[in-house]
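Asks: Given the coordinates of chain A, work out where chain B should sit on it, guided by the hints.
Here is how the chains run, residue by residue.
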Amino acid sequence: DQQVKQNSPSLSVQEGRISILNCDYTNSMFDYFLWYKKYPAEGPTFLISISSIKDKNEDGRFTVFLNKSAKHLSLHIVPSQPGDSAVYFCAASAANSGGSNYKLTFGKGTLLTVNP
Amino acid sequence: NAGVTQTPKFRILKIGQSMTLQCTQDMNHNYMYWYRQDPGMGLKLIYYSVGAGITDKGEVPNGYNVSRSTTEDFPLRLELAAPSQTSVYFCASKTPPGQGKATQYFGPGTRLTVL
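Heads up: the protein sequence lines correspond to chains A and B, in order.
So that you can map any letter, position 97 of the first sequence is 478 in the working numbering, and since no number is skipped, the others follow by simple counting.
So that you can map any letter, position 91 of the second sequence is 142 in the working numbering, and since no number is skipped, the others follow by simple counting.
In isolation and in its complexed conformation, chain A is listed as follows (with noise of 0.2 angstroms):
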């Protein structure tokens, strides 16, 4: 029973464009999702994060979106750069849940190819 889904395994766009990343989850429970960014050879790297007390959260050119009430969330990266390409994993907590002890869930994560 996967808890959180990344339904695009990849997507592509042009350099300068916007890129959109998206993620479902099915456990209400879930109350702080992060985004971490993969380079081949390398560990997952924080990229941003999101309360659910908040609908959206920005920092320079990423900006992640919450939508509780469809339990969607998405990363917007503008302008998108060659840089950027890299798998992109989407992850949740119960951080407010005494016994989380904030673990985290991973999604399957989506393939960004930024094309110069």
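These are computed hints drawn from the structure, not numbers from a lab.
Glycine residues also receive a C-beta, built at the ideal position from the N, C-alpha and C atoms.
All clues given are correct.
Listed next, the in silico DSSO-like pairs over lysine-lysine satisfying Cα-Cα at most 27 angstroms (straight line):
{"no.": "1", "chain 1": "A", "residue 1": "Lys452", "chain 2": "A", "residue 2": "Lys437"}
{"no.": "2", "chain 1": "B", "residue 1": "Lys60", "chain 2": "A", "residue 2": "Lys489"}
{"no.": "3", "chain 1": "B", "residue 1": "Lys108", "chain 2": "A", "residue 2": "Lys489"}
Rough simulated footprint, nothing fancy, chain A against chain B, three-plus residues with beta-carbon under 8 angstroms:
{"no.": "4", "segment": "93-105"}
{"no.": "5", "segment": "153-161"}
Replies: Quick look at chain B alone, frame taken from chain A:
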């Protein structure tokens, strides 16, 4: 600041052999985690620890053991390696409660092949 370090980077084991994957963090984080990532899949939690002397199972603990004798180190032990344990293993640590919520910081990974 080294962050989270893992050794070795690569390892090939024969079926039935044992090995320990090392993980060290220098950020004084209490929470540490071990994940495995299979091709085309997300990361799955193997074991985690909320502090020295305290460990607990994650989603896929079978075939693995852990110990946490110090805040810095969280080794993962494979006792009888099986081909199903061929994967990339990531160690992570988390900022203290109240700082960055559930944000975990990852090491570079250990690529393990069992033949």
